[in-house]
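> In order, the protein sequences belong to chains A and B.
Heads up, the first sequence is in the working numbering, so the first residue is -1 and it goes up one at a time.
Heads up, the second sequence is in the working numbering, so the first residue is 395 and it goes up one at a time.
I should point out that these hints are in silico values taken from the structure, not numbers from a laboratory.
All residues carry an ideal CB built from backbone N, CA and C; glycine is no exception.
Treat the hints with care, as some may be off.
[Stated by the list, open to error] Far from chain A, by Cβ distances over 10 Å, these chain B residues were calculated:
| id | residue |
| --- | --- |
| 1 | V674 |
| 2 | K760 |
| 3 | V796 |
[Unchecked claim] Short, incomplete list of chain B residues facing chain A, as computed with Cβ under 10 Å:
| id | residue |
| --- | --- |
| 4 | M396 |
| 5 | P397 |
| 6 | F413 |
| 7 | L415 |
| 8 | M419 |
| 9 | V424 |
| 10 | E493 |
| 11 | M495 |
| 12 | T502 |
| 13 | G713 |
[As the list claims (entries may be wrong)] Residues on chain A that point at chain B, a partial pick, calculated with CB under 7 Å:
| id | residue |
| --- | --- |
| 14 | V100 |
| 15 | Y104 |
| 16 | W106 |
| 17 | R107 |
Here is how the chains run, residue by residue.
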Amino acid sequence: MEYSGLLIFALFAAGFAGLIWLLGVPFGPRVRLGYKEQPVECGKTPFDLPSGRFDVKFYMVAILFVVFDVEMMFLYPWATLFRKLGLFAFAEMMVFLAVLGVGLAYAWRRGALNWD
Amino acid sequence: MMPDIHYAAILPELCLVVFGLGHLMLSFTVREENKGSLAAMAILILAVAGATMIPLWNHPVVTFAGSYAVDNFALFFKWVFLLAAVLAILHSGSYLRQEGMEHGEYYTLLLFAVLGMMVMASARDLMVVYVGLELMSITFYCLVGYLRGRLGSNEAALKYFILGAFSSAFLLYGFSLIYGITGTTSIAGIHTFLAAHPEAMAAPLALAIVMVIVGLGFKVSMVPFHFWSPDVYTGAPTPVTAFLSVGSEAAAFAAILRIFVSGLSGQSELWTGLVTALAVITMTVGNLMAIQQRDVKRMLAYSSVTHAGYILVGVVVGGSVGSATVMFYMLSYAFMNVGAFGVVAALNRTDGREGSNLDHFAGLAKLHPALAAVMLMLMLSLAGIPPTAGFFGKFYIFMGAVKANLIWLAIIGMLNSAVSAYYYLRVAVYMYMREPEGEPQVMVPVSMRWSLAASIIGIFGLGLFPDAVLALARASAAAF
């Protein structure tokens, strides 16, 4: 019950935002110009449509980034409790890093880190 | 502070992790002309893992704080996975060479898929079930899309990935509801909680059960969650299809048996009705669709939907009797289904079209009599004609249903089995009674011959000595 105010606030906020958004449909001015019909690219004139192909290299980097980001997430709690956890946790983390290392070695060897 | 880990009991899994990673690293050093040794190494690794399980038989161990059980039930399933993997790898080498895609990753992924299945078979905790399931699924997404040059393979991988992720979400919802109701994710803990509080939240529990059935039903291609299987089975490389159809299904059934027959046995009135209805729909729809297929690979995909329906009857029967019949069926299914897909792989053509149309089987008896004879025996076994493994698999499942006073269910199963003979024997008709059209390229290298021979020996071995294996399965099921 103590959070019911929050719920009412959230409902009002969502309702008000929705109302303003809907008001724009009948009352808002409509300008159909060439630039406005184009997708937004930070003020620049877009040089290609976003539905085109992306180079697979971007995905490679993104995936490698995610893998090592998740690794970091595991390392932080382990590092803060390192003294309490003792030798076993150390060995366990080394095993975890070794498995990741094999993955990195694989990606390296297969040329996932080469940009050209 | 040492956690509760029984290293000897998880030796097979450790073996797969260490040697699997080693295999990946070693595959870089293998020269192009020695690529065949990659398959041999993978088989050796699986054999070592299988050998390390022998001393564990009859010595049940529960480790990882009760979340991981290495009992005879798990070991039986693990041997089925290893067997299916070895048979599939023997079919893979020449197929991949033909496609120009013989790389080490293929075998590494396959080894990790086996690892995921093993974790699922041993899991006594819902979270461990999920981890095993994801390990298996993600490797299969990659394997299904392995032929990256083929559009069908890409489409299959994308479909399998999106629908698989969706079904995993359902499974997790179900697990979280079960955790919310019982306060534990341990299957034994759930059982004791529900035994102590039989009235606990029947409605949310029913919802949770439905969601878990959706998630695991997807993996066993239970109707109406089967829509992925024909496309994925057709698009995937044929040896992968062979392994997917057996391994993934067996692992999901191992999890179903642990969760439902063991964990939720006290709540059987909540799920037996639903699972019975789904079993009937699954076998009937699978059959009706299989009849219409002219592509043998697609026909076998629908036939595995049908077989999932038969196996679900064993789940409905439940208890150690029902579980034992499911286990026996999975073993015989591993022999016959991997073999049947193997024959399709032998008819593979390099011109980008799969040689799996019924017309490609026309006159096979004249072109390659031995391969035709093997296919005939596999079809007879899938149709359930004695003295093959397929007959006894069905016989035990339907006998279990009769003994559990589900005579009508057994009758529906037998009627379906009779219908299925039509499309299995149609392949035989094409092979033996039609003239060959053109010159189909048939290639049966030595490794494929071994695998097919093992399938045939397995089918007739199980068909001639079914009691011994069933007794083994019963002893394993009693323990879990």
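> For each hint, tell me whether it holds in the structure or not.
Evaluation of the provided hints:
1. V674: At roughly 43 Å from the nearest Cβ of chain A, V674 of chain B sits farther out than 10 Å, so the non-interface label holds.
2. K760: 46 Å, holds
3. V796: 50 Å, holds
4. M396: Holds - the Cβ of M396 of chain B comes within 10 Å of chain A, reaching about 6 Å at its closest.
5. P397: 7 Å, holds
6. F413: Cβ of F413 of chain B sits 12 Å from chain A, so the hint is violated.
7. L415: Because about 5 Å separates L415 of chain B from the closest Cβ in chain A, which is inside the 10 Å limit, the hint holds.
8. M419: Holds: closest Cβ of chain A sits about 7 Å from M419 of chain B, inside 10 Å.
9. V424: 13 Å, violated
10. E493: Because about 19 Å separates E493 of chain B from the closest Cβ in chain A, which is outside the 10 Å limit, the hint is violated.
11. M495: 14 Å, violated
12. T502: Nearest chain A Cβ about 9 Å off; hint holds.
13. G713: Violated, because the Cβ-Cβ distance from G713 of chain B to chain A comes to roughly 39 Å (cut-off 10 Å).
14. V100: Result: holds, 5 Å to nearest chain B Cβ.
15. Y104: Since the shortest Cβ distance to chain B is 6 Å, the answer is holds.
16. W106: With a minimum Cβ separation of about 10 Å from chain B (threshold 7 Å), the hint on W106 of chain A is violated.
17. R107: 6 Å, holds
In this structure, the earlier hints numbered 6, 9, 10, 11, 13 and 16 are contradicted, and the remaining ones agree with it.
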